[in-house]
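Please construct the entire structure, taking both the sequences and the accompanying hints into account.
Residue numbers (the numbering used here), protein chains in the order written: chain A, 20 to 360; chain B, 20 to 360; chain C, 20 to 360; chain D, 20 to 360.
Quick caveat, the hints were computed from the structure, so don't treat them as lab data. Wrong hints could be hidden among the right ones.
Intra- or inter-copy, both count: the list cannot distinguish identical chains.
[Claimed, not checked] Calculated lysine-lysine pairs in the BS3-like style (CA-CA distance at most 30 Å, straight line):
#1 Lys23 with Lys121
#2 Lys100 with Lys21
#3 Lys132 with Lys245
#4 Lys346 with Lys121
#5 Lys100 with Lys132
#6 Lys100 with Lys226
#7 Lys121 with Lys132
#8 Lys121 with Lys100
#9 Lys358 with Lys328
#10 Lys132 with Lys21
#11 Lys100 with Lys245
#12 Lys23 with Lys226
#13 Lys245 with Lys121
#14 Lys121 with Lys32
#15 Lys346 with Lys100
#16 Lys21 with Lys121
#17 Lys132 with Lys358
#18 Lys23 with Lys100
#19 Lys226 with Lys358
#20 Lys245 with Lys226
Protein chains: 4
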Amino acid sequence: MKSKAVVNYAEEKGSVEIREIDLPQIGDTDVLLEVANVGVCGSDLHQWTSDHSWPVNYPVVLGHEFGGRIAELGSQVSGWKVGDRVVSETAAVIDPNNPMSKIGLYNLDPTRKGFGYGVNGAMTKYVRVPARCLHHVPEHVPFEQACLTEPSCVAYSAVVSNSNVRPGDRVLVIGPGTIGILCAAMAKINGAEVAIVGLEADRGRLKIAEQYGVTGLVGDATEWAKAGDGLGADLIVDAAGHSSTLQIAMNLVRPNGQITKVGWGKQPCNFSLDPIVQKNVRLQGSFSHNWPIWEKVIALMASGTLDVKPIIGGVWEIESWREAFEKMHHGEVVKSVLKPA
Amino acid sequence: MKSKAVVNYAEEKGSVEIREIDLPQIGDTDVLLEVANVGVCGSDLHQWTSDHSWPVNYPVVLGHEFGGRIAELGSQVSGWKVGDRVVSETAAVIDPNNPMSKIGLYNLDPTRKGFGYGVNGAMTKYVRVPARCLHHVPEHVPFEQACLTEPSCVAYSAVVSNSNVRPGDRVLVIGPGTIGILCAAMAKINGAEVAIVGLEADRGRLKIAEQYGVTGLVGDATEWAKAGDGLGADLIVDAAGHSSTLQIAMNLVRPNGQITKVGWGKQPCNFSLDPIVQKNVRLQGSFSHNWPIWEKVIALMASGTLDVKPIIGGVWEIESWREAFEKMHHGEVVKSVLKPA
Amino acid sequence: MKSKAVVNYAEEKGSVEIREIDLPQIGDTDVLLEVANVGVCGSDLHQWTSDHSWPVNYPVVLGHEFGGRIAELGSQVSGWKVGDRVVSETAAVIDPNNPMSKIGLYNLDPTRKGFGYGVNGAMTKYVRVPARCLHHVPEHVPFEQACLTEPSCVAYSAVVSNSNVRPGDRVLVIGPGTIGILCAAMAKINGAEVAIVGLEADRGRLKIAEQYGVTGLVGDATEWAKAGDGLGADLIVDAAGHSSTLQIAMNLVRPNGQITKVGWGKQPCNFSLDPIVQKNVRLQGSFSHNWPIWEKVIALMASGTLDVKPIIGGVWEIESWREAFEKMHHGEVVKSVLKPA
Amino acid sequence: MKSKAVVNYAEEKGSVEIREIDLPQIGDTDVLLEVANVGVCGSDLHQWTSDHSWPVNYPVVLGHEFGGRIAELGSQVSGWKVGDRVVSETAAVIDPNNPMSKIGLYNLDPTRKGFGYGVNGAMTKYVRVPARCLHHVPEHVPFEQACLTEPSCVAYSAVVSNSNVRPGDRVLVIGPGTIGILCAAMAKINGAEVAIVGLEADRGRLKIAEQYGVTGLVGDATEWAKAGDGLGADLIVDAAGHSSTLQIAMNLVRPNGQITKVGWGKQPCNFSLDPIVQKNVRLQGSFSHNWPIWEKVIALMASGTLDVKPIIGGVWEIESWREAFEKMHHGEVVKSVLKPA
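So this is what it looks like as structure tokens:
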């Protein structure tokens, strides 16, 4: 049995195409997951445009934001049954003996490999998934939304696990992409007053962000950040993909405040970090997520507290992957979702 | 100039009456505050029924939940002006050299004295207030609501400062009085799924609690607490005034979870605390509040995130104090508010 | 092949004897461990005197504080080899899918079973151990000391993981048994000024405690606790096996301080817990330990920072278990250690 | 009455000389402090060599690390008496109404002014000090050592308040100046295994550091940092005065670890901060100290836990300030101490 898959077959820019692939063989502790929906991530786009900074095992099926039903169980899998509605974490291969894995932070195990770059991902009909990666999805949460558990977990990790937001805090998010908007939504759910700042070109995405009860700002966020007692925002979430935004964050954060950096920036910082010392500020990097974060985010979706519908720009069949990728690449939609034929 | 005041004049049960008192003399670092509204607290009722456990400086004007305008400034007061709309903290007298005061926890300075029992409180027209106790109230927050900043701060302290609620957590509050309902509201604002449990007689108050988006429960909360993964609630807030509820809390809290005790109970615990050890649970006492908590709660009221209107059962003139006290004492209203003539 | 073992064969008081047992069969993910030394725990004594409060799978080999060399490997064990010097954690059976296990707190999985009561323990020559329980022990740490990693982890968990000691803090430990003395040592290592308080009968054990640079006190600890600024100790570790010591702890802890309860007490508390509310105190239960704690404690032993020699009262052959148990039961030694023939 | 003082009289390099100054006039809430000893700080040297980055109120008496006896009391000072042995904090002028002051972090009040640059410091016989800055020094701690409370507080703030060291952690300090050595000592007191790394030229200072039980390293610290489980150090304290060391820190810190930056570096970072995101690392700036830190450090000195003698390179009379400054400037001593004639 063959299935169509969105395959990234080489390092050269644009090396993505539809290919027919075999049904994956699963191991004793794996399940075979029948994909219902899979989100397109910025990192899928980066591999497509060859603008990525991580090693890829070519050829590889793209896609790591996915959910579906269990189609088959490995011989040693317990606690799951065929037909279960699930979403999957992203660390497909980990070393269980690594000290990070031993403390539940397998997402920081330096030897890990993820879906969509290290092993075959989910932009196809069937994907092999270790049972330890699975989480139940309640019946009433549609897969089109459930497949966005992953980026929601990135946001939860940044805003909740790696930060310390308290009701009444002022939180400023820089960069209204998927992660930025979800970070803003998460800070709002956490009781903060939230603004999200972008560029002129981001007006459409800021409009979407405002559906989460946060303030959209274009350009300079100083006035918003210094409102209140004038000392700055309690937390700045830097979700923009450029080193320079850190300088804005250092200016607008209050003394003893926090900047959480979830956006990457491979450019050198052409400025000093002395304000971090002078203001006694915490600059916290945030990377991915782990098991308890997935459970909390699914609980938030199940109760309706977190609604990801506003950021979904459309659902495309896998064969129309290019349109889905391009819409997102050009900022016409915040998030594209695919579904297997 | 004389003003009417609700005076608790002796230790005997029922020793409360309206008296005419002189205009207070203020010191160099005080202001004279013209009271707009003052809430009735459970502790005012306890002094009235002589069911209290703290020393009282008889005779004393009752009332420590209050707001109004500044009528006069002490000679060394800076940063305030006559006419400013303010609410006041409750620790009227503190030792600034006490180690607790030195770290901003003057509310735990063992030598402190509060309004309404240690010094004259606000159930009258004018009250003397140290400037360090004041917080600005925005124009659009009416004093009838602003005077409930104090119990809201008790709730913020219990749920936010002394606990560690995260979005998606399950929080169970025991005891639907003013503090319990505000704790439930605060946990909800913090992103939790929240239930509040009471007795049959509490059905009316649970109805009011449900306006905050929380689930009201009568009797046994086990099913709610064990919903989800079956291990229990992440946080139990014990806001009931009886020692026995701790036993319920120990049963329903999850391993490694927290119980925050804001309710008092002078009865001996006729049970063992071994479950706290066995489950590795944190039992956290929570008492009053301090400066940053007041600022956060006012920000929550100003943004409309926290709305105290649902718990206000009515506003009475000071001369009708007895009706206001009795309505609350009998559970007919959650919170009574007074206003000077 | 048969080995002698200290077997607890029934619930009746005194139901412990030497029996010959078969070599354990190991599973795919287990190792066979050849025991070098095994400590006697208070809970072994409690099962012997039938003064315990947990269910026991009779007949069972006692002993859960142990170390030795790997004698055989299960077919799926990786990362270990025959001859490795190891100590073992205590949670012999856990549910890997339990939410507590998923976050690395398998020690709080309610379905877990431990060595020495749930499955056969280590007071014999060979014991079956899941590979996930193992930790490497450096060559220069003798097994007579390494077998005390387990109680040292109980202390680390109580004083470090479940408390928040800072250099210069005042820490008072109540109860100079093995756990109390190790808690005092751990608080000292953490930079605190430490005292440990006991009864007249504890003078010998307090003398041993003083070898860790802590102050031994007999009777009333008030003067020591209130030295300094007079407000009380930052942390009280209640390691005594009686409910009543909590009342002492509540009196001597400073406002906003912490009491960590590692000692059990099945008696009802015949006092109110109001001081916990009034002082805004954290009462934290502490139970067992998990993987990272074991690694830290072994590092402390390997560097010589933690030296358990002072508490070892002697090493007995397994057949002399009764003498080893009795010496400890009567308080003649702090800790007895056994070795297989 | 006139006294000799080390005065920094202008911005030009080298603008420091001995001048005769008048006895300071004190205000109602101040004391007049008779200086016993005053330490020379790197920032005093920077003002001398005009290599500083903060505004200076010329002419100004240098010196902010000092202790002595109270010579006179302002009219409203309570809790102190003439003759008391004291050390003083550094924030000479603060706005008590600033939100940072209100929460006890007056050291981060942006309007604050410090001794030795904002107001006259202590390199003279008498200095005016607000009573709120004072801390008692026990009789048995000599002033030559007590005057180093201030840099010890910088270290405590960096390593204890702004970091989270646990016994058994591996802590690497970069930069063996006064602050770096004291940070290493503090981490050691906190139970960590500690190394401190410097350059060839730092061998003498590393030798002094080793008196605190820490490992001195020259050049590359990779091997030390990766010893143990190979994942890197739990905490890196960057106490070097150059931006480039942050890159070393990012390489050597373990995933989910912390880098605490107490050293300034006005150079741009010519590298990306992506490793902070990738490793989920906390980069924490640490600036100065506040009241509770001073109390803890004095307690550590009083108990002998912290001994600053090893870093004191000599005590000079104020008129020999130049020799004291130069010895330190050239790295011949770690710390120079002055005393008034």
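Tell me, in ascending order, the numbers of any earlier hints that this structure violates. Hints 1, 4, 6, 12, 14, 15 and 16 contradicted; others consistent.
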